[in-house]
Amino acid sequence: MTDYENVLVEIDGPVATITLNRPEKLNAISGGLRDDLEAALRELNPGDDVRVIRLKGAGRAFCAGYDLTPGGGAMNWRPNQRTGDQAWELGESRIALDRENLRVSVDRWLWMWGYRKPIVAQVHGWCLAGGGEMIGACDIVFASETARFGHPAGRAIGIPPTLGMWPAKIGMLKTKELLFSGDTVDGVEAERIGMINRAYPEERLDEETMAYCQRIANVPLDGLTVHKHSTNRWFELMGLRVAASEGADFDAIWHEAPSIDEFVNIGREKGLKVALEWRDDPFGDGRGALKRRT
Amino acid sequence: MTDYQNILVDIDGPVATITLNRPEKLNALSEGLRDDLASALRELNPGDAVRVIRINAAGRALGQPPTLGMWPVKIGMLKTKELLFSGDTIDAVEAERIGMINRVYPEEQLDEETMAWCQRIANVPLDGLTVHKHSTNRWAELMGLRMSVYEGAEFNAIFAETAAIEEFGKISMSRGFKAALEWRDDPFGDGRGAVRRQA
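Protein sequences appear in the order of chains A and B.
For the first sequence, position 21 (counting from the first letter as 1) is numbered 21 according to the numbering used here, and the numbering increases by one without interruption.
The numbering used here runs 1000 ahead of the 1-based position in the second sequence.
Chain A residues, not near chain B, derived (Cβ > 12 Å throughout):
1. MET1
2. GLU10
3. ASP12
4. GLU24
5. PRO46
6. GLY84
7. GLU92
8. ARG94
9. ALA156
10. ASP206
11. GLU246
12. PHE250
13. PRO258
14. ASN265
15. GLY267
16. GLY271
When the alpha-carbon atoms are kept at most 20 Å apart in a straight line, the in silico EDC-like pairs for lysine to aspartate or glutamate are as follows:
17. A:LYS174 x A:GLU145
18. B:LYS1170 x A:ASP222
19. B:LYS1074 x A:GLU236
Don't read these hints as lab results, they were simulated from the structure.
Here a beta-carbon is modelled for each residue, glycine too, at the ideal position from N, C-alpha and C.
Could you build the full structure based on these sequences and the hints that come with them?
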C-alpha cells in the first residue's frame, strides 16, 4: 500500500482498516484527507483478498466536519474574474461556482456510496457535518454510546448537501428536528432512531466492529456486492442520487444568505472560534446540546 | 372452497385462514405451495363476505427465511445491509424493534391475538380496507417498490453466477444438501444464522 499523509491503512486478513489521521484537527475533512481516503479506497478496490473496509478516526473524534480553516481546502470558492464588458466577460456568479464545488463534493460521496466493497464505519467522539456525510456514504455504522452526531453548522452556515442520507435513514420528522436545531444525539439515541446500526460501550467498540467485519468477510465478495448494490438500488429508485444532488443546489442558495457572510466576516476578523461562538451562543450550548429522551 | 394439496383454508365469519401445510418441509415454498396459495387467494377474492385473510402455518415453521423481500422499506438501509452481509437471524422481539414485523406475542397467545385483530379490522367495510391498503402501498410504489423488486431478480441472477453458488451446488450434488449448508454456515460458527439481539 501507498503511504498516505492523512490516512493510515492496515490490512488484517480480509478486512482493511482505514484510519482518518488528522487527530489534531479532529479529522476535519481537508482536501488532502478526502483525496487520500478516495485514493486508498481505489487502491483497495481490485481483487477479493480484501472484502470489507473498516473506517475509523484517530484521536478524540471520528470526524468534526469539513475543515473550514483558511487553507483547509474544503471550500474552494474562486473569485469572479471580470475580463471585459460583454455579458460573457463579466465572470461567473458566486452561487454558480459554489454550486459547482458542492456538486463535485456530492458526486464524490455518491462514488463512495457506490463502492463495491462494504464500508463499515466505526464512530467515536464527534461525528458532525461532513462527518455525517461520510458515514452516510458508508453501509454499516457502529458507534460508541457516547459518540455525538448532528449538524450544528445548520444554525448559520448551510446544510450537509447529501443530508447524510438522513431522510432515508431516520425519516422525515427526525431529519427536520435535527436540522432545525443543530442539536446532537448520542450513540444510544442514534441507534434508536436508525441513524446507526449499533451502539456499544466505547471500550468494546473496536473489537465488536472488527468482529462484525471479519464475520461478513466469510461471504464471497461478489455476494457482498450484490447485497450492497441490491439494497442501494431500492433507495436509488426512491430518488436518492437525485435528491443528494439537489442538496448542492439548496446549500448554494443558503450560502447567499447574510448569515453566512456574517459568519465568514467574524471568522476572518476574529477567528473561527469566535465565529462558532456567535453561531452557537443563542442556543446556550457548546456545539449542539445533547437531545436525548430519558 | 376447493381442496388444496399444500394448504388448508378455514373460513370463520369475515376472516379466512390459509394454513401452509407442508410441515415435513418446514413449509418451504415449493411451486405447488405457491400455486395453491395464489389459487386460494383468487378464490377468496370475489365478494365482501370475507374481508381479511390470515396466513399461518402447520408444524414448526412459517416458510423459509425471506430473502431481501421488502426489507428496505420496512427496516431501512442500515439494518437491511447488516442482515444481508452476515446472514444472521434475529428473533421476533428484535424484529418488532426494527420494524420488520408489527407485534410480537408469547407463542401461546399468538393465534388468539392475531385472530382477534383480524376480526377487529373486519368491522371496516371491504372497500374502505382496500382504500387504506392501496393508498399506503402507493407511497411505497411511488418510491420505486415495484421496480426495486424486479431489479432484485436481476441481482439474484448475477449472484447465481458466482463461484460460491457453483461450489454450493457441487457439494450438494456430491455430498448432500446438509453438507452444503454446513460448508456455507460453518465459517460463521452457528447453525443457520446466529440470533443477533442486543441486550
